[in-house]
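Place chain A on chain V using the hints.
Here are the chains, one letter per residue:
There are 2 protein chains.
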Amino acid sequence: MKNTSLNRRKFVKDTLAGAAGIAGLTTLPLDLLAAPNKIIVSEESTTSGEVRPSLPPKIKFAVIGLNHGHIYSQVEAVIRGGGQLISFYAKEDDLAAAFTKKYPQVKKARSEKEILEDKAIQLVVSASIPDERAPLGVRVMRHGKDFMVDKPGITSLEQLAEVRRVQKETKRIYSIMYSERLENKATVKAGELVKAGAIGKVIQTIGLGPHRMNPKTRPDWFFDRQRFGGIICDIASHQFDQYLYFTGSTQADVVAAQVGNVNHPQYPKFEDFGDAMLRGNKGMGYIRVDWFTPDGLKTWGDGRLTILGTEGFIEIRKNIDIGGREGGNHLFLTDQKEMRYVDCSKEPLPYGEQLVNDIVNRTETAMTQEHCFLATELALKAQQQAKSISI
Amino acid sequence: MKNTSLNRRKFVKDTLAGAAGIAGLTTLPLDLLAAPNKIIVSEESTTSGEVRPSLPPKIKFAVIGLNHGHIYSQVEAVIRGGGQLISFYAKEDDLAAAFTKKYPQVKKARSEKEILEDKAIQLVVSASIPDERAPLGVRVMRHGKDFMVDKPGITSLEQLAEVRRVQKETKRIYSIMYSERLENKATVKAGELVKAGAIGKVIQTIGLGPHRMNPKTRPDWFFDRQRFGGIICDIASHQFDQYLYFTGSTQADVVAAQVGNVNHPQYPKFEDFGDAMLRGNKGMGYIRVDWFTPDGLKTWGDGRLTILGTEGFIEIRKNIDIGGREGGNHLFLTDQKEMRYVDCSKEPLPYGEQLVNDIVNRTETAMTQEHCFLATELALKAQQQAKSISI
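Top to bottom, those sequences are chains V and A.
Just so we're aligned, residue 88 is where the first sequence starts under this note's numbering, counting upward by one.
Just so we're aligned, residue 88 is where the second sequence starts under this note's numbering, counting upward by one.
Chain V extracted, bound-state conformation (with noise of 0.2 Å):
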């Protein structure tokens, strides 16, 4: 990258418009934003800046892998749920560096065997590169610990065989942090809403995840097919985990799925675009995911969830209302009455809870293991089987 002025100012313009989405923007170093070949600003966090644990800490825990910027929400996540975080590690200096800047009481490991063979520890949580995020957590399930990984928690069909298989075998908990559900507030209003039968019958999901590049913050693998695990495995397992969610699915077949690289001839092992369809034995699903948000969109993207119902239906404007209100968090229900406008940016979120809830008491009320596997198996049966798109 030329280091001229011009460019300078263009790529914190750049950085900071993706990373628009952090609420505590303005708690985060500098030297965050400042790494753009190592990290990954993150689009979907919805970190605040806050540290202590909201509750009383319950559990230990313990970061190992910082490569992209979603470890923030993530520990963010369990440390309002009553996790107390204890140590981490990472390979890359600058990560590290930025990362003691917002955690300056957390102890830095010298290695990850010392993170895993640490007996206070019970979770691992990571944002290693996407494929090597289940062989630590294959590692940690082994030493006793249970593991809660950033999305795509898993990037290939004999990855996730051998997940499954030691997850039984260790009966450890294998969370994969799918935040576009469970860290968006919207979407966790409408989960309760369709629970307590607002829509009828759930009929069919769409879920749209466009999502803003910004090649210039991103690291080279970033543009690895190979390491990410393609669009569908990496950003669509969000949606996959909605689908299976919201129509409340427990089998469900990938009906088609489509990847491609329309745009970006310079980078010839990305993919810039992908959609599949779904049917499930409670309800179909539609998924689309790009990299092609542009710069006059004030977030990193308009993702969107329509659910429909048989007796109504619920659209969720994830993170922007574009020509509507302000903020994220927008959930519009339709029924035979009436429609009706939910501001869901006070609703709580109670995934970190729950998860730090589960592993004091052995429960599974965050998500099922069947359901986080099933989601992740699902995209990656859609990337498997995705027809290869030239336009």
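Derived from the structure by calculation, the hints contain no laboratory data.
Treat each hint with caution, since some may be false.
Identical chains share a label here; the pair holds if one copy fits it or two copies do between them.
Within a straight-line C-alpha distance of at most 30 Å, the following computed DSSO-like cross-link-like pairs (lysine-lysine) qualify [said to hold, decoys possible]: (1) Lys369 - Lys385; (2) Lys288 - Lys356; (3) Lys288 - Lys303; (4) Lys288 - Lys195; (5) Lys369 - Lys468; (6) Lys474 - Lys369; (7) Lys385 - Lys276; (8) Lys206 - Lys282; (9) Lys356 - Lys424; (10) Lys258 - Lys468; (11) Lys147 - Lys356; (12) Lys385 - Lys282; (13) Lys288 - Lys385; (14) Lys385 - Lys433; (15) Lys145 - Lys303; (16) Lys206 - Lys468; (17) Lys303 - Lys369; (18) Lys147 - Lys255; (19) Lys206 - Lys433.
Using the frame of chain V, we list chain A on its own:
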């Protein structure tokens, strides 16, 4: 139907709710609303109540077949464009009476033949029962006249082959009024914007066409897929048209399609849900249609179109902006610079005038014949290939 006072009130309410899309509702004869088993109250019409041509009459035209309320907006479009309505024919006396109330100056022909053999008539407009439309169109073209028909304009691939053959032989115009584009001001505006390069190269479109069912106002043929051609052939024909139009595709394949009757077992020959995934030489597409618009929506369906381009995206909220602005015809454009809302309620609708000019000049400015048939061919293929859903 039981004729209790309660049922009667409910029927009128349902009917009015279904007719809410008609801007000039108060000008419609009451008989139209009181003939539940004979006419389908239009979902898409934008009838203004205007009877006189806006332009000096350039052609004379007639109507055959009044079985769907769309006929009123079809007639209005031609009148606006310079057509003079001379005569009409309908088998059903009550439908004919309603039409006469709306157009008292128009001659009621004694037979279809009387219209077909009237040398003064250049164009026949029809909203007959869907499976009778193509055979009528063939007769019209063989009589040297042009034909403009409600969608679905053709209900089987066999009909399509025959229509294509006769159209080629006779060089007559066979125009299907895909009204969700041609008679929706925001969609027309989107066409101009896309053509002008506002969002770069189009990558994909998503078209959603939810409809209110109003079962009590529907005639028997409405529930029989042999008559309406199936849900994809019927209502999704709009979305296939828009997919081809906005991507500019001249060849396309149906990647996958599904149809089913998921919640209306009382109508075993009905289909209440359908979707399809497309790939063309200039872009991808996804389409979903259904009959699940709940009563709480202020209009017949929250129709949406999303156009994803390399440099931006457009969302059209065709009929309603839930929780937002009044009325329909809302366009939201996000590009590399900004998010812009465009109120399209004052935009012109050029289809009627273009069609009339095409009839006079033997051009194809309103819609190429190739496009008209390809949109229908894709819808028919998707319908035929669709896997059957049950949940």
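Structure-based check of all given hints:
no. : hint            : result
1   : Lys369 - Lys385 : between (36 Å within a copy, 29 Å between copies)
2   : Lys288 - Lys356 : between (41 Å within a copy, 21 Å between copies)
3   : Lys288 - Lys303 : between (45 Å within a copy, 23 Å between copies)
4   : Lys288 - Lys195 : neither (50 Å within a copy, 48 Å between copies)
5   : Lys369 - Lys468 : both (19 Å within a copy, 26 Å between copies)
6   : Lys474 - Lys369 : both (26 Å within a copy, 16 Å between copies)
7   : Lys385 - Lys276 : both (24 Å within a copy, 24 Å between copies)
8   : Lys206 - Lys282 : neither (39 Å within a copy, 64 Å between copies)
9   : Lys356 - Lys424 : between (50 Å within a copy, 28 Å between copies)
10  : Lys258 - Lys468 : within (25 Å within a copy, 49 Å between copies)
11  : Lys147 - Lys356 : neither (39 Å within a copy, 60 Å between copies)
12  : Lys385 - Lys282 : between (32 Å within a copy, 25 Å between copies)
13  : Lys288 - Lys385 : between (35 Å within a copy, 22 Å between copies)
14  : Lys385 - Lys433 : both (21 Å within a copy, 28 Å between copies)
15  : Lys145 - Lys303 : neither (40 Å within a copy, 59 Å between copies)
16  : Lys206 - Lys468 : neither (37 Å within a copy, 62 Å between copies)
17  : Lys303 - Lys369 : between (42 Å within a copy, 29 Å between copies)
18  : Lys147 - Lys255 : within (23 Å within a copy, 77 Å between copies)
19  : Lys206 - Lys433 : neither (37 Å within a copy, 70 Å between copies)
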